[in-house]
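Listed here are the chains, written in short residue letters.
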Amino acid sequence: MIEVSKKCIGCAKCVPVCPFAAINMIDKKATMNEACTLCGACVQVCPVQAITITREEASTRDLSGYKGVWVYVELSEAGDKTHPKKIKQVTFELLSEGRKLADRLGEELCAVLMTDKDHNYEKELGAYGADKVYLVEHDELFEYNTDIFSTVMVSLVTRHKPSVILYGATIQGRDLAPRVASTLYVGLTADCTALSIKDGLLLQSRPAFGGNIMADILAPNSRPQMATVRPNVMKMGEPVHGRAALTVRESAKLDKSLRRVKVLERKIDHGSGAVKIENANVIVSGGRGMKTREKFHQLEELSKLLGGVVGASRAAVDLGFKEKTHQVGQSGTTVSPKLYLSFGISGAVQHIVGMKASDVIVAVNKDPNAPIFNVAKYGIVGDAHEIVPKLIEALKKGK
Amino acid sequence: MNIAVLIKQVPDSTEVKINPETGTLIRAGVPSILNPYDHYALEAALELKRKHNFKVTVVSMGPPQAKAVVQLALALGADEGVLLSDMAFAGSDTWATSYALAKGIKKLGKMDIIFAGMQAIDGDTAQTGPAVAQQLGIPQITFCEHVEVDGRRILARKQIDGGHELLEARPSVLITMIMGKDWAPKHPSFPAVHASLKKPFHVWSAADVGAEAQYLGLKGSPTQVNKIYPPPQREKAAMFSGSGQQGVEKILEVLKAEHFIGE
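Residue numbers (the numbering used here), protein chains in the order written: chain A, 2 to 400; chain Y, 9 to 271.
So here's chain Y without its partners, still in its complex pose:
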C-alpha cells in the first residue's frame, strides 16, 4: 500500500503572545515545531510501514521554511517528502488549504491510506482532514487512536462520545489521529538525519499540482478574518489576600455563601 501523511509546521502555540498595545501577534523568537498530532499520525504510518513494508510519503503546505518539518519526517522514516509552497497559497483558510493539498496528493497518484493529525495546534479546527477526503472523493475516519491493516481491510479504532468504535474501510481512506496517552514525540538519530538528506524531496508550486488561483489564498477562501483582538477583560474578581489560614477561612466562607457546603 501507499500511504500519505499530511503534516503541518506550527508555531509552538503555548509561546505565542499578543502585544496588548498593538493587538498584533508577537511571533518573533517563537519556535516552530511539527504539529504534535501530525507527528503522532506520522508514527502510526511508520508503524504500518515497518509491519507491512508500505511506502510513506509526507505532504505539507507552507512557506519555504516548512521544509524543516518535511525533512524531520524523512529523518523519522518517511520515504518521500512533498512541500507545496507558493505565494498563491498565502491566506488560505481550511477550504482553500484542503483544495491545494488534495491537488498535491492527486499528483502523487493513488494513496491507499492518507493520515493526518486530528487538528493543528495553531488553528484547532480539525477541518482540513475531512475536507481533503471530500475533495478526493474518499471516505474518512476521524479521531482515531489506532490503525491496523489486514490485507485490504483497514481497521481503525475511533473515539466517540463516552466510548469507542472499531471501524472498517477499504482503500482509499483518510484517517485523522488523536494523540495516544503518555505519548512523547520521537527525535531522529544523527545518522537518520544524514540519510534523510538523500531521500526524494519535492517542492511544488500551485501550477505544479494544477491548483487554480481562484480557489487559493484569500480569494479562494470562503472565510475571512474580520478582526483580531486581545481577549475581552471582564469585571475583576472580589480579591482577598489569602496567606495561610486566612485564605482557607475565606474559601470556606465563599463556599458557604454560595451554598456549596453547609453552614
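Chain A extracted, bound-state conformation:
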C-alpha cells in the first residue's frame, strides 16, 4: 500500500511524474487514486520522503477471498466498422482449459474483455465455457497498449480478486502479464504446457533449461496465480451455442496521458499467400539429419505435394537450413497440425513440446532410439536422404 505522511509539504512535484496520473493535490496534500500501481515514481522525486510504499509480505497475505478462474481475452490487432476485431483462437483454448480448472475448484470461469466496442463477444465467450464476462468498454481501449491494458487489469484484479488468471503466451500476453504480475507482486509462470489443480493450487508445468527437463511450478503465497500458455498447446473444446455468459460491465477511468508509447504505423502482412506455420494443416519438418541446405530444400517440394508447409528443428535453423519463422518448438512456434511428418529430427524435448499436440505424427529417423518416436504414431527407421526423393516421385505419380 502507498501512504503519504504528514511530512508532505504540498509541493506537487510528484503529480507530473506519476505515469498513471494517479495523484491529485487535495487540501495541499498529495492523494493517490485507484489508478496508482505502486510503481514508486513519486517516491523518488519527493523532496521530503513523505511517500512510502509497503508491500505486503507474501506469507502474511490473506488469500481466502480470491476466487474464480479468469482468462484474458485477446482480440486481433486490426479491425474497422465493417470488420470488427476477432477473438483470437488462443482465448478459446484457454477458456476450454480454464473450464476444467474452474470445475475442479468449484469456482466461476470469467473472461476479461477490454475493447472500444463490444461486438456481442460474450456470446462466443459463453459458448466456449465462460460463466461471466467482465466487459470494459472505453474509447482508449481501441488498440492494445501496455500502460492502459495493465492499468485496467490491475484495477479489475484488485476489485474482484480472482484466484487464477490465464493469458495467451502471445506477443500481447507476454507483454501484459509480466507487467501485471510485477505490479501486484504475484507469481507468473511462462509458457505452461499443462495446468492442473493440486491441493487447491494451480500446478503449472513447463519445460525448463531449453526444454530438456520439465518443471512443476506453484505460487502458494500470492494471488492471483498467473500463467501464460502458448497458442495450440491446449485443445479447444466444442462450443456450446446458446450457452450464455453473464456480462458484467466494468467502468474504467482512462485518459490519453496514460499512453506513454504511441503507435506511429502498423502493418499487417495480409498474406503473401503463404500459410503460416501455426495455422497449417500439414507440416513437413526437417532437422539436423537433413545434413545440407540443398537436401533440406527437397522438403519444400514434398510439403507442397501434401498441401502443407515446411517446419524445422532448432538445430536445422541454427545450421541455416531454414528461416527462424519456420522453427517448431519452445523457442520457435508451437504447432498442432493434422499431420506432422518429420525427417531427421531426433526430438529434443524443446522440439517435442512444440509439436506433440499434432493429430498424427509420422517420424523418419535413422536412430531407432530417437526420442521423436516416443510421441510419433508411426515411426520409420530409415534414411531421410533415400526416402524423401522417392516419396516425392511417388506422390507426383499419384497425382
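Treat the hints as calculated values from the structure; they're not laboratory data. Here a beta-carbon is modelled for each residue, glycine too, at the ideal position from N, C-alpha and C. Any given hint could be a false lead.
[To be verified] Some chain Y residues flagged as far from chain A (calculated, every beta-carbon gap over 10 angstroms): (1) Ser40; (2) Gln73; (3) His154; (4) Pro193; (5) Ser204; (6) Ala215; (7) Val217.
[What the hints assert, rightly or not] Listed next, the in silico DSBU-like pairs over lysine-lysine satisfying Cα-Cα at most 30 angstroms (straight line): (8) A:Lys305 - Y:Lys264; (9) A:Lys236 - Y:Lys264; (10) A:Lys199 - Y:Lys227; (11) A:Lys162 - A:Lys86.
[Unchecked claim] Covered stretches of chain Y, going by a simulated chain A footprint (3 or more residues, C-beta under 8 angstroms): (12) 78–92; (13) 249–262.
Based on these hints, arrange chain Y on the given structure of chain A.
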C-alpha cells in the same frame, strides 16, 4: 543519452542434459555464454552509441563467474559494467530478479533507454524485461527488431502477430529485442579485450543497491519450483524398418490410411 543493457550469463542450453536416473541436471562441462538475445540487444545499444555518442552501461545479475559476460560486453564496446552478485539473490524468480535489477539501475542514475533481450535461453520466460520496466515505473516496448533515436524521440520497430508496428516513446523506456535474421554474435578483438580491462567495472551486493532481503531469493519469489523431472514418456510409435523403397511404401500406406492422400 544514457543507455543501460541488461545481460545474463546462461548455460548453452542446447547442451544441458538430464541424468535419467537421478532426475538432476548435468551441468558439468556445459559452456556458459552471453544470452544471444542480450548479445543482440547489446549490439543495438552499441550501434546507437556509435551514431550518437551515447554512454552504454551493462548490468547483469549472477554468481561471481558471471563477470565473464560483463567483461565480454565491455570488450565489445560498452563503457561501464555492473554485476549484481550476492548470495541473497540465489533462487530468485523473475519477480525477485527484476526487483534487484531495478535497484541496481536506480543506483546508476537516470537511464534514457534500457535494453534487454526478449528472453534468456535458459528460462525462455520473457518476463524480466517488462517487470524491470514496471519496477522503475517506465514504459516498455517488447519484441523489437530495430531501434532508432531522433532527438528525444525513441523509435522502435516491434513485431506483432502477422506484421509489425512502428512505435514512439520518450525517455525513459525499456526495450526488449528479438534477434535479427541471419544474425551471428560478434567476437571482440584482442586489443579490445585488453582495453576493456581498464573500463569501470562494479560488483554490487544487495546492500550496495539497497535491495531488501525479504524481496530477494527464494523468500522474495512468488513462484516456487515444486518438482523437476524428465519429460514424460509416451506410448511408443508403431515402428517400421524403412530402408529404401520399403520406407516410402510404408509412408504412403500411412498417409492413405489417415486420409492425407487419395487411394
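Comparing the hints with the structure gives:
Every CB of chain A is more than 10 angstroms from the CB of Y:Ser40 (nearest about 13 angstroms), matching its label as outside the interface. No beta-carbon of chain A comes within 10 angstroms of the beta-carbon of Y:Gln73; the shortest separation is about 18 angstroms. The Cβ of Y:His154 sits about 13 angstroms from the closest Cβ of chain A, beyond the 10 angstroms cut-off, so the non-interface label holds. Against chain A, the non-interface label of Y:Pro193 holds: every CB pair exceeds 10 angstroms, the least being about 12 angstroms.
No Cβ of chain A comes within 10 angstroms of the Cβ of Y:Ser204; the nearest lies about 28 angstroms off, and the non-interface call holds. In this structure Y:Ala215 is separated from chain A by more than 10 angstroms, as the shortest Cβ-Cβ distance comes to about 19 angstroms. Listed as a non-interface residue, Y:Val217 keeps its Cβ farther than 10 angstroms from every Cβ of chain A; the least gap is roughly 14 angstroms. A distance of roughly 17 angstroms separates the Cα atoms of A:Lys305 and Y:Lys264; the hinted pair therefore holds under the 30 angstroms criterion.
For the suggested pair A:Lys236 and Y:Lys264, the alpha carbons sit about 25 angstroms apart, so the restraint of at most 30 angstroms is met. Between the alpha carbons of A:Lys199 and Y:Lys227 the distance comes to roughly 21 angstroms, so the proposed pair stays at or under 30 angstroms and holds. Under the criterion of a C-alpha separation no larger than 30 angstroms, the hint pairing A:Lys162 with A:Lys86 is consistent with the structure, at around 28 angstroms. Given as covered by chain A, the segment 78–92 of chain Y fails the check, having 0 residues with a CB less than 8 angstroms from a CB of that chain where 3 are the minimum.
With 12 residues bearing a CB less than 8 angstroms from a CB of chain A, the segment 249–262 of chain Y meets the requirement of three and the coverage assertion stands.
The structure is inconsistent with hint 12 alone, although it conforms to all the rest.
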